[in-house]
Amino acid sequence: FESEWWEANILEVQGDLVFVHYVGGMDDEDEWIEKNSGRIRIPIEFEYDGDWWDAFIVRQNNEQMLVQFECGTEEDTEWVDSTSTRIRHRQELCIKKVNQKQSKTKQTSSRSREPKARVASTSKRVKKAKVNSRKG
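Whatever position you read off the sequence shown (first residue = 1), add 1488 for this note's numbering.
Since the hints were made in silico from the structure, they are not lab data.
The C-beta atom is built at its ideal place from N, Cα and C for all residues, glycine as well.
Among the hints, a few may not be true.
Said to hold, decoys possible - What follows is a list of derived Cβ distance ranges for each label pair:
1) F1557 x D1516: 19 to 29 Å
2) M1514 x N1550: 31 to 41 Å
3) E1517 x G1538: 33 to 43 Å
4) D1539 x D1515: 13 to 23 Å
5) W1540 x W1567: 16 to 26 Å
6) D1515 x D1537: 19 to 29 Å
7) G1513 x T1571: 17 to 27 Å
8) E1535 x M1514: 22 to 32 Å
9) D1539 x T1561: 13 to 23 Å
Make the full structure from the sequences, and use the hints.
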């Protein structure tokens, strides 16, 4: 199985769930994802040793965020305060796309065609990174 990271827009938020639309994807691929599922990566720039590096927020709680360097491994992470000045947000939002049949969280949406909450969207494609895949 292969996994890819896709640029996506968050269309709706309900508690611990977000409803996403994949940029360039079909509406029937839209899905609900748990916020802390590990499938959502918020692209940021992270200051380390005086230089700014591309990174992702891969987990967060009320006080801290777990940052992983884009070119690093899962071991290349650091917890930082949510208010840290070492973090600058980029514009893209990357979400791991999985087969709809394998997606555990499903709900019907009462959303209109216009997004209620559009977060971190851009018109350009994000470079894809291969990760554990569930296509098939």
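Checked hints:
1. F1557 x D1516: 19 to 29 Å: About 35 Å separates the Cβ atoms of F1557 and D1516, which means 19 to 29 Å is violated.
2. M1514 x N1550: 31 to 41 Å: 36 Å, holds
3. E1517 x G1538: 33 to 43 Å: 41 Å, holds
4. D1539 x D1515: 13 to 23 Å: 41 Å, violated
5. W1540 x W1567: 16 to 26 Å: Since W1540 and W1567 have Cβ atoms about 19 Å apart, the given range 16 to 26 Å holds.
6. D1515 x D1537: 19 to 29 Å: 44 Å, violated
7. G1513 x T1571: 17 to 27 Å: Violated, at about 34 Å.
8. E1535 x M1514: 22 to 32 Å: Given range 22 to 32 Å: violated, Cβ gap about 38 Å.
9. D1539 x T1561: 13 to 23 Å: Holds: the Cβ-Cβ distance is about 19 Å, inside 13 to 23 Å.
Hints 1, 4, 6, 7, 8 from the list above are not met by this structure, while the remaining hints are.
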